[in-house]
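Produce the complete structure using the sequences and hints provided.
Keeping their order, the protein sequence lines are chains V and Z. Mapping of the first sequence onto my numbering: residues 1 to 331, in sequence order. Mapping of the second sequence onto my numbering: residues 1 to 331, in sequence order.
Do not take every clue at face value.
List time: in silico SDA-like cross-link candidates among lysine to any residue, alpha-carbon distance up to 20 Å [unchecked claim]:
#1 V:K59 with V:S182
#2 Z:K59 with V:K281
#3 V:K59 with Z:T128
#4 V:K59 with Z:G4
#5 Z:K59 with V:L2
#6 V:K281 with V:H157
#7 V:K117 with Z:S21
#8 Z:K281 with Z:L295
#9 Z:K59 with Z:S182
#10 Z:K117 with V:H157
#11 Z:K117 with V:S20
#12 V:K117 with Z:R17
#13 V:K117 with V:A292
#14 V:K117 with Z:R16
#15 V:K59 with Z:A292
#16 V:K59 with Z:G129
#17 V:K117 with V:M1
#18 V:K117 with Z:K59
#19 Z:K59 with V:E9
#20 Z:K59 with Z:E148
#21 V:K59 with Z:S182
#22 Z:K117 with V:D98
#23 Z:K59 with V:T294
#24 Z:K281 with Z:G268
#25 Z:K59 with V:G129
Which stretches of chain Z does chain V cover? Using the computed rule of at least three CB atoms under 8 Å from a CB of chain V, they are [what the hints assert, rightly or not]:
#26 108-114
#27 137-150
These are computed hints drawn from the structure, not numbers from a lab. The C-beta atom is built at its ideal place from N, Cα and C for all residues, glycine as well.
Given next are the chains, with one letter for each unit.
There are 2 protein chains.
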Amino acid sequence: MLVGELGEEALLDRLRRLFSSTAAAISVGIGDDAAVTGPAAGMQVWTTDLLLEGVHFRKDWQAPEQLGHKCLAVNLSDMAAMGAVPRYALLTIACAGDTPVDLITGICEGIASLAAKTGTAVVGGDTTGSPGPLALSVSLAGELEAGEAPVLRSGAHPGDRILVTGRLGGAAGGLRLSQQGSGAGFPQLLTALNTPVARLAEGHAARLAGAAAMTDISDGLATDLRHICAASGTGARIRADAIPVSESLPEAAERHGWELQELVIYGGEDYELLIAAPPDKAGRIAGAIEAAGTLVTDIGQMTAAATGIVMLDPRGAEQPLAQRGFDHFRR
Amino acid sequence: MLVGELGEEALLDRLRRLFSSTAAAISVGIGDDAAVTGPAAGMQVWTTDLLLEGVHFRKDWQAPEQLGHKCLAVNLSDMAAMGAVPRYALLTIACAGDTPVDLITGICEGIASLAAKTGTAVVGGDTTGSPGPLALSVSLAGELEAGEAPVLRSGAHPGDRILVTGRLGGAAGGLRLSQQGSGAGFPQLLTALNTPVARLAEGHAARLAGAAAMTDISDGLATDLRHICAASGTGARIRADAIPVSESLPEAAERHGWELQELVIYGGEDYELLIAAPPDKAGRIAGAIEAAGTLVTDIGQMTAAATGIVMLDPRGAEQPLAQRGFDHFRR
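Structure follows, in structure tokens:
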């Protein structure tokens, strides 16, 4: 059987089982935004993400510094989703010998700039020549305060409010513009795609204020909400008209004939946080996120698993959220 | 300027400078076998290595389990070279959708098996589809006991004895056999190439016994000795006839017309340890390595920098060791 026939989720299940014996003493292993190790006296949080030319980016879609920013930011976002503080990063670069030095140093300048802003030390890495596409991989270790536990995907309960930071769909809009080669006029969407903001302060504040479950929206709202529901054994009901839409996205969607809801619900790479908040703590969590200067919106609530994952349209009709999302191996 | 024109060493120098500000508080940053962070109460050691199809391996040269073994082993070897104990690993796999599932699970079985043997927990990772070659990247974090310091490349002094574990040239011989498609008859050389042993117990014992400087021989004896000399500000004088040669290598070299010394001095990937041992501790260090069941050989001594890096041939003639070694970006 080929990887593309098995699919990404099933492959991950196999690898999870394979490595479970090596990680028997690990607090949180493969399957959350990040892994968690160590005793209560200062747990460590671990994540890694690879950006590959032709899959995750194209060289001519952004400045090298933006690409560097993004390859660290996507890892920082995993850290944010655990409510952890980033500390140490390792960087791997694979590129062809005919790659301009300025491209590589530009990428590294983008990484170094964001690293400095977030208190992340780039402590080492690996470089190698490659006959294939440019590959940028960051591994990141972070910390939790002594005695503190990370916020997992599995902690949600029916009745929890569902909060989301920022606005959605912007990165998906930016991706379509880039693919069409028509970015002019909507710089905000390109910014959303190329220089996503990891919600570190917001994730940390949400954890301290009592968030029950949390993930970052990297695969799209529908898919990432499904991740929380699957891990928590719940359903969810969200209101379509409550979902905060990226500001210039409606205008861009109208001009280009895109279906707006498709981008907002199924578009990935916004790197906002999706939070399940116990009803008695939802106000405090929202307040803590707003105090960090970031919009936060209540878009619905967690339900019993039997409800499934559904969206209420503006007329009050329920529609199930489709199980879609990007599979890296099926093309 | 292109990366291939600048060269790997010069590129690394630029990246080191770029990231130095982010890692100002780091004990050991980019440029040793691994990075070191944290207070004396239990330092952490960090390393990452990428294996790329067509650059570091070919799929038909070894079993999937061997490939998995190797991609963890090369990282464990960096840990060994610091005298540290491996703890947590992150694994990144990039492959095409038409990759057989058995290849990926076989690789992961090889990783899991070696991880279990070495007390390493594979806590997470990333998988992605790729239009390019199969890429396997491991990031590894290890630990030092509270109050203990790692063994760096920079600690050698003139007069230190130069010790090497195991035997050299086997992996380079195995590589030539694989390239020629003529592996039969010399299984030991293929084993040296495909399932290298990270000298974890030996590195740990050497550190406790007082090793002054240490590195693993991944780039070849000449290049890795040069790394220690450059970091320590010394020269070195080694004896050609003292260097332990991989057991079946002379026979293979004779049969295939290879220059034996070329493989032993400049061949890479043996993953043995190269140690600078203060004269009064050399015996104790050698004894500790032998107690781990591993051959250890005194091949010469560190000298003043003015001597350069030289080898005495069996007739007592001195020849400088050429500055060679693999540059990943120049082809």
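Hints and how they fare:
Of the pairs offered as hints, the one joining K59 (chain V) and S182 (chain V) holds, with about 16 Å between alpha carbons and a cut-off of 20 Å not exceeded. Taking the CA atoms of K59 (chain Z) and K281 (chain V), the gap is about 53 Å. The hint is violated against a cut of 20 Å. Proposed proximity of K59 (chain V) and T128 (chain Z) is supported: the alpha carbons are some 18 Å apart, at most 20 Å. As the CA atoms of K59 (chain V) and G4 (chain Z) are separated by approximately 18 Å, the hinted pair is consistent with the 20 Å bound.
For the suggested pair K59 (chain Z) and L2 (chain V), the alpha carbons sit about 15 Å apart, so the restraint of at most 20 Å is met. Annotation: proposed proximity of K281 (chain V) to H157 (chain V) holds, straight-line Cα distance about 13 Å (limit 20 Å). Taking the CA atoms of K117 (chain V) and S21 (chain Z), the gap is about 11 Å. The hint holds against a cut of 20 Å. In summary, the hint linking K281 (chain Z) to L295 (chain Z) is supported, as the alpha carbons are separated by about 17 Å, within the 20 Å threshold.
Straight-line distance between C-alpha atoms of K59 (chain Z) and S182 (chain Z) comes to about 16 Å, which keeps the hinted pair within the 20 Å bound. Distance check on the hinted pair: K117 (chain Z) and H157 (chain V) sit about 39 Å apart at the alpha-carbon level, beyond 20 Å; violated. Restraint check for K117 (chain Z) and S20 (chain V): the C-alpha separation of about 14 Å stays at or below 20 Å, so the hint holds. Using a Cα cut-off of 20 Å, the hinted pair K117 (chain V) and R17 (chain Z) holds, with the two alpha carbons roughly 17 Å apart.
The hinted pair formed by K117 (chain V) and A292 (chain V) meets the criterion: a straight-line CA distance of about 15 Å does not exceed 20 Å. A threshold of 20 Å between alpha carbons decides the hint, and for K117 (chain V) with R16 (chain Z) the separation of about 18 Å falls inside it, so the pair holds. Taking the CA atoms of K59 (chain V) and A292 (chain Z), the gap is about 50 Å. The hint is violated against a cut of 20 Å. At most 20 Å may separate the alpha-carbon atoms for a hinted pair to count; K59 (chain V) and G129 (chain Z) meet this at roughly 18 Å.
A threshold of 20 Å between alpha carbons decides the hint, and for K117 (chain V) with M1 (chain V) the separation of about 45 Å lies outside it, so the pair is violated. A threshold of 20 Å between alpha carbons decides the hint, and for K117 (chain V) with K59 (chain Z) the separation of about 41 Å lies outside it, so the pair is violated. Only pairs whose Cα atoms come within 20 Å are accepted, and K59 (chain Z) paired with E9 (chain V) is rejected, the gap being roughly 24 Å. Under the criterion of a C-alpha separation no larger than 20 Å, the hint pairing K59 (chain Z) with E148 (chain Z) is inconsistent with the structure, at around 41 Å.
Taking the CA atoms of K59 (chain V) and S182 (chain Z), the gap is near 41 Å; set against the 20 Å cutoff, the hint is violated. Among the hinted pairs, K117 (chain Z) with D98 (chain V) is inconsistent with the structure: their alpha-carbon atoms are about 41 Å apart, more than 20 Å. Taking the CA atoms of K59 (chain Z) and T294 (chain V), the gap is about 49 Å. The hint is violated against a cut of 20 Å. Restraint check for K281 (chain Z) and G268 (chain Z): the C-alpha separation of about 28 Å exceeds 20 Å, so the hint is violated.
With a C-alpha separation of about 18 Å, the suggested pair K59 (chain Z) and G129 (chain V) falls inside the 20 Å cut-off, and the hint holds. Counting residues of the segment 108-114 of chain Z whose CB falls under 8 Å from any CB of chain V gives 4; the rule of at least 3 is met. Note: the segment 137-150 of chain Z has 3 residues with beta-carbon separation from chain V under 8 Å; the three-residue rule is met and the coverage holds.
Violation of the numbered hints given earlier is confined to hints 2, 10, 15, 17, 18, 19, 20, 21, 22, 23 and 24; the remaining hints are satisfied by the structure.
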